[in-house]
Amino acid sequence: MNIPSELKYTKDHEWVKIDGDIATVGITDFAQSELGDIVYVDVDTLDETVEREEIFGSVEAVKTVSDLFMPLSGEVIEFNEDLEDSPETVNSDPYGEGWMIKIKISDSSQIDSLLDAEAYKSVIGA
Amino acid sequence: MKKTALTHIHEALGAKLIPFAGYTMPVQYEGINIEHETVRNNVGVFDVSHMGEFLITGPNALELIQKVSSNDASKMVDGQAQYSCLPNENGGIVDDLIIYRFNEEKYLLVVNASNIDKDWDWISKHNSMNAEMRNLSDDYSLLAIQGPKAAEAMQSLTSVNLSTIKFYTFEVADFAGIEHVIISATGYTGSGGFEVYCKNSEVEQVWNKVLEAGKNYGIKPIGLAARDTLRLEMGYCLYGNDINDDTSPLEAGLGWITKFTKDFINSENLKKQKEEGVKRKLIGFELTEKGIPRHDYDIVDNDGEKIGTVTSGTMSPSLRKGIGLGYVPVEYAKTGSTINIAIRKKSIPATVVKLPFYKG
Chain Z
1 MNIPSELKYT
11 KDHEWVKIDG
21 DIATVGITDF
31 AQSELGDIVY
41 VDVDTLDETV
51 EREEIFGSVE
61 AVKTVSDLFM
71 PLSGEVIEFN
81 EDLEDSPETV
91 NSDPYGEGWM
101 IKIKISDSSQ
111 IDSLLDAEAY
121 KSVIGA
Chain P
1 MKKTALTHIH
11 EALGAKLIPF
21 AGYTMPVQYE
31 GINIEHETVR
41 NNVGVFDVSH
51 MGEFLITGPN
61 ALELIQKVSS
71 NDASKMVDGQ
81 AQYSCLPNEN
91 GGIVDDLIIY
101 RFNEEKYLLV
111 VNASNIDKDW
121 DWISKHNSMN
131 AEMRNLSDDY
141 SLLAIQGPKA
151 AEAMQSLTSV
161 NLSTIKFYTF
171 EVADFAGIEH
181 VIISATGYTG
191 SGGFEVYCKN
201 SEVEQVWNKV
211 LEAGKNYGIK
221 PIGLAARDTL
231 RLEMGYCLYG
241 NDINDDTSPL
251 EAGLGWITKF
261 TKDFINSENL
271 KKQKEEGVKR
281 KLIGFELTEK
291 GIPRHDYDIV
301 DNDGEKIGTV
311 TSGTMSPSLR
321 KGIGLGYVPV
331 EYAKTGSTIN
341 IAIRKKSIPA
351 TVVKLPFYKG
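So the sequence lines, in the order shown, correspond to chains Z and P. Per UniProt numbering, the first sequence runs over residues 1 to 126. Per UniProt numbering, the second sequence runs over residues 1 to 360.
A couple of the hints might just be wrong.
Derived BS3-like pairs (lysine-lysine); straight-line CA-CA distance at most 25 Å [said to hold, decoys possible]:
#1 Z:LYS102 x P:LYS345
#2 P:LYS306 x Z:LYS102
#3 P:LYS271 x P:LYS290
#4 Z:LYS11 x P:LYS16
#5 P:LYS272 x P:LYS75
#6 P:LYS75 x P:LYS290
#7 Z:LYS102 x P:LYS272
#8 P:LYS16 x Z:LYS121
Ranges of calculated distance between the beta carbons of each label pair, as one might list FRET restraints [claimed, not checked]:
#9 Z:ASP116 x P:ALA342: 50 to 56 Å
#10 P:LYS354 x Z:ASP93: 37 to 43 Å
#11 P:ASP138 x Z:ASP116: 35 to 41 Å
#12 P:GLU179 x Z:GLU88: 55 to 61 Å
#13 P:ARG320 x Z:ILE77: 45 to 51 Å
#14 P:PHE20 x Z:ASP93: 29 to 35 Å
#15 P:ASP138 x Z:ILE22: 55 to 61 Å
#16 Z:ASP93 x P:GLY14: 40 to 46 Å
Only part of the chain P face toward chain Z is listed, based on derived beta-carbon distances under 8 Å [claimed, not checked]:
#17 ASN33
#18 ARG231
#19 ILE292
#20 MET315
#21 PRO317
#22 SER318
Since the hints were derived computationally from the structure, they do not count as laboratory data. Quick caveat, the model's predicted, so the values are computed rather than measured. Glycine is no exception: its CB is placed at the ideal position from the N, C-alpha and C atoms.
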């Protein structure tokens, strides 16, 4: 199971890459593997400010659907539109081309509450 | 949790195993889409040994079967199989099943794993004519070898000419070095192929030889997830989803297996229902916008009022769109009607279509 050490994580199996006040968000390798073939990423909160742990969208696999939760409070400033045509990228490259949204972080103190790779590893029992 | 005789093999293949109907079953090996395509285009093999098998024998076997099942089993000849259901006394369905006729005094009933105990008790309760019943469920394994290349790929394993076994007929013959295997031209995928029944002690050899024989045809092991998308593309009912103790076979579009040429449990009421017409119907629908319907989502009219419930739904791997089955009042059931599926906060339009979704 690939868990890059430079990223932050949530217990909801999302990864977060912090770059100044911008956070890039996707789902982990573990999450994509549990979901199976992903066929649809639905983000309906673009340009909205959403609180931490609120739902910003959903990811649909053939057999199941799962909510996507904000890892940090902020404005959803970008959605990876390439996923509209090729949602399977989330399966093949979850930490790269399969990123989902970018957030303009509204409260940087929340960053400390994110998990590091070691802590996430213990969440999934890896 | 029960295991099939092949669970250790599925584990070794890296399958994702889930509890299903009391059994540990492989839900996926490589990926649902690739497994789905393998069955549509080539050939795949499923371990569906969780299914239940009851042997009904003796001079009163047919009388019992006629009493508990909705289809007319007296029309079968030796070597024929028949899809049927067990109606209950309240207008619903105890289970759907396949009945195999070996001879006029020997029949095999193949039932859903989740209903083995319920069906056994139900049929036993109505066995006033004392037909002999044996529950073989724990002794027999079932492999479904499905796909357009199944006959060609498996031909080297048997002396029977597989291409001559007609749909819904079967042979008892040698297969993969085992004698007396039931080779049945049936399945739950709509892509053709066979279901083979053998003893638990024999199934590992059969599985291995099936994979070996299918190698040059691109055979893959297929999990329950793809089994579900394959059956749903065909509009086949799944017990527990699309049919249950409260759905009438007539509402479910199973009028073709509900034959009033004989009496059976609740046939009077079902006959009356047929004459008066049903109030709701199981329909197939395709979403006309992006989205995926799921089991238990609401079906709503254009004003957002609930008119029904989705019983099965998925993204169709073959059609690349959201498809589903659900019950709606008859006035919405016409092909071409527009309905809406409530998917979270949205209402996504859908069109009622003729089944199957996948036309091959």
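Handout entry: Outcome of range test on Cβ distance (P:GLU179, Z:GLU88; 55 to 61 Å)
Key = 46 Å Cβ-Cβ, so the 55 to 61 Å window is violated.
Problem - Given hint Z:LYS102 paired with P:LYS306 - CA-CA distance at most 25 Å - result: violated (36 Å)
Exercise for the section: Take the C-alpha atoms of Z:LYS102 and P:LYS272, compute the straight-line distance between them, and say whether it is at most 25 Å. Expected result: Measuring from Cα to Cα gives roughly 61 Å; hence the hint is violated.
Exercise for the section: Verify the proposed pairing of Z:LYS102 with P:LYS345, using a straight-line Cα cut of 25 Å. Expected result: holds (23 Å)
Problem - Given hint P:LYS75 paired with P:LYS272 - CA-CA distance at most 25 Å - result: holds (23 Å)
Problem - P:MET315 as chain Z interface residue, shortest Cβ-Cβ below 8 Å - result: At about 4 Å, which falls below the 8 Å cut-off, the nearest Cβ of chain Z leaves the hint on P:MET315 intact, so it holds.
Exercise for the section: Indicate whether the distance between the beta carbons of P:ASP138 and Z:ASP116 respects the range 35 to 41 Å. Expected result: violated (49 Å)
Problem - Pairwise hint evaluation, Z:LYS121 against P:LYS16, where the allowed Cα distance is 25 Å at most - result: holds (20 Å)
Exercise for the section: Kindly confirm whether 29 to 35 Å is satisfied by the beta carbon distance between P:PHE20 and Z:ASP93. Expected result: Roughly 31 Å apart at Cβ, these two residues keep to the hinted range, so it holds.
Handout entry: Agreement of hint P:PRO317 with chain Z interface, Cβ distance less than 8 Å
Key = Given a least distance of 7 Å, the restraint on P:PRO317 holds.
Practice task
Using the Cβ atoms, figure out if P:ARG320 sits within 45 to 51 Å of Z:ILE77.
Solution key: violated (30 Å)
Handout entry: 25 Å limit on alpha-carbon distance, applied to hinted pair P:LYS75 and P:LYS290
Key = violated (46 Å)
Checked against the numbered hints given earlier, this structure breaks hints 2, 3, 6, 7, 9, 11, 12, 13, 16, 18 and 22; the rest are met.
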